[in-house]
Amino acid sequence: MSDQAVLPTTNDLEDIAGQVWAAFLDDGHEVVPSEDQQAPFDLSASVAIMGAFEGHVIVQCTTQASRDVASVLFEMPTEEVSEAEIGDALGELANVLGGNLKSMLPGPSTMSLPRVAETTHEHWPSTVEICRTVVTWRDEQFTLLLLSSDQQHRLERDVA
Amino acid sequence: MLGVVIDDSRAMRKILRSFLADLGFEVLEAGDGQEALEVVSGADSVPELALIDWNMPVMNGLEFVLEVRKRPEWRSMTLVMVTTESEHSQIVKALASGAHEYVIKPFTKDGMIDKLALLGLVPVGVL
Amino acid sequence: MELTDQQFKYVSDLVRREAAIVMPVGKEYLVESRLRPLVRKGGHGSITDLLNAAQGLGTAANGVRKQIVESLTINETSWFRDREPFAALIDVVLPALLKDVPARPIRIWSAASSSGQEAYSIAIQLDKTLPPGRDFQIFASDLSVEMVERTRAGVYNQLEINRGLPASDMVKYFERKGADWQVVDRLRRKVTVQQLNLSHPLPPMQPFDVVFLRNVLIYFSPETKRQILTRIRKILRPGGWLQLGAAETTVGIDSTFERIPVGRTAIYRAPIASRLPVKEVTAC
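Chains A, B and C, in that order, are what the protein sequence lines are. If you're matching positions, the first sequence starts at 1 in UniProt numbering and goes up one per residue. If you're matching positions, the second sequence starts at 1 in UniProt numbering and goes up one per residue. If you're matching positions, the third sequence starts at 1 in UniProt numbering and goes up one per residue.
Errors might be hidden in some of the hints.
With a cut-off of at most 30 Å between alpha-carbon atoms, the simulated DSS-like pairs for lysine-lysine come out as follows [as the list claims (entries may be wrong)]:
id: 1; chain 1: B; residue 1: 109; chain 2: C; residue 2: 27
id: 2; chain 1: C; residue 1: 27; chain 2: B; residue 2: 93
id: 3; chain 1: C; residue 1: 99; chain 2: B; residue 2: 109
id: 4; chain 1: B; residue 1: 70; chain 2: B; residue 2: 14
id: 5; chain 1: B; residue 1: 109; chain 2: C; residue 2: 234
id: 6; chain 1: C; residue 1: 190; chain 2: B; residue 2: 70
id: 7; chain 1: B; residue 1: 109; chain 2: B; residue 2: 93
id: 8; chain 1: B; residue 1: 14; chain 2: B; residue 2: 109
id: 9; chain 1: B; residue 1: 109; chain 2: C; residue 2: 225
id: 10; chain 1: C; residue 1: 172; chain 2: B; residue 2: 93
id: 11; chain 1: B; residue 1: 109; chain 2: C; residue 2: 177
id: 12; chain 1: C; residue 1: 41; chain 2: B; residue 2: 93
Cβ-to-Cβ under 7 Å is the rule here; a few derived chain C residues that face chain B [unchecked claim]:
id: 13; residue: 65
id: 14; residue: 78
id: 15; residue: 155
id: 16; residue: 157
id: 17; residue: 158
id: 18; residue: 159
id: 19; residue: 163
id: 20; residue: 164
id: 21; residue: 167
id: 22; residue: 178
Just a sample of chain B residues kept apart from chain A, beta carbon distances all over 12 Å, derived [stated by the list, open to error]:
id: 23; residue: 1
id: 24; residue: 11
id: 25; residue: 34
id: 26; residue: 39
id: 27; residue: 60
id: 28; residue: 70
id: 29; residue: 72
id: 30; residue: 75
id: 31; residue: 78
id: 32; residue: 96
id: 33; residue: 112
id: 34; residue: 119
Quick caveat, the hints were computed from the structure, so don't treat them as lab data. For glycine and all other residues, C-beta sits at the position ideal for the given N, C-alpha and C.
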């Protein structure tokens, strides 16, 4: 992978998030970058990118936030949303964000199917953060992350 | 008109189903390419339209397109990729494999209708 | 929420009556977001003031109603928006131009280019259609400096690029630029962009073969409409073509244009006789 590759930035993450929310979660509430860049979460949806770039795209949020997402996508009351629907909705969110980010990364590469897990730990061994943002929608916060498993990125971070 | 929505996300199938229903389509669903082959085989008539996700378990959307292209009796089916895969090279590959159109996720309802209008699949009077 | 139920019902009834478009309950935020620019543009104090101005007899109220309907029915960001004007360009205008006009570049003006989709849609059509050896120049203008800059950059996000642009054109005429897509250099070089107010006299310009002036006249008074059409007629070559919006016409405003029906729409043609003023040349 070339050192010159221009990697996505926090701005790109926010642009893509803005479009994803405007298209699929347009309930009259806008998604905006959060002032607080540390947000609580107990769910984490991720896709892995494999190929010329190796890494993960991750969406983290609380169960309550994921219920809101699922209730808009499935057009049903929040209290009726099932676990399966939460997993489906949050997984698709990670998939759409992941695909858009992948198109900005060095290619060719492929993307895994989304994986959704209950976790309060950020545990992504042997990775380095390329960009990250927290966005707010309906008073709920969503952490969006792009991590690289690339040795070169880790070295650059260590030097920095 | 008959349409088939192929996506492993049930949420996405629901969104696409409702768009198509508004355009007067009867809608079938499948969660992957293999299931879609079965659904289309079992349908009363060949669907006019298939909306096809790329990344799915079992059989992905590109493989589905290639399978459809092997069957002359399904020639009349319009194939539209609806996917988050958005590299220039991926779009070229899908078109070269036989997809007629390509919609990148995220899309709006207007965006989807615009694309279907290009394919002559939107009834007159629907904006 | 700013809109009352009664106001929303008024707007949805109006849009259904005028444009046969159904605006279901739940779309209040959409209506508000489309009306807000009209409030600003028209100097109304609020959406309520705008809706009050729309209710009544007389041309002023009629004009406001038209603006409301337009704002809710027209999506400003589509490629090949409405399609018919582009079909008319290819089926009617270009064959005539190729026959009548010598082998100089064909010049087209996108006179309210907004964020540039119309100008680049025309450029794509011409690039695909013109025979080898025939070139073209597009001039794009807009009142808004921000829109002029957007057009010049030719950068569109994923939602914008999905709007009616065939995938085959997308891969041929656009390249990735980060999370967005940018018109390829080769096509961007054909499009010149400038800020311009149509209600003022035009700056010196070379004459055009075709002018696209769509969904602009509706915003102006009859007198200003007449002035704009006169200026456009003068900047068109004799026999040049004018494409208006679907709800607009020159009829009753400028009788020198000939209305030529094309499919469900129409295109207007400047008189062959209306030559540009030529200075008297005296023999020396």
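Violated hints - listed by number, lowest first: Hints 2, 3, 5, 6, 9, 12, 13, 15, 16, 22, 24, 27 and 33 are the ones this structure does not satisfy, whereas the remaining hints hold.
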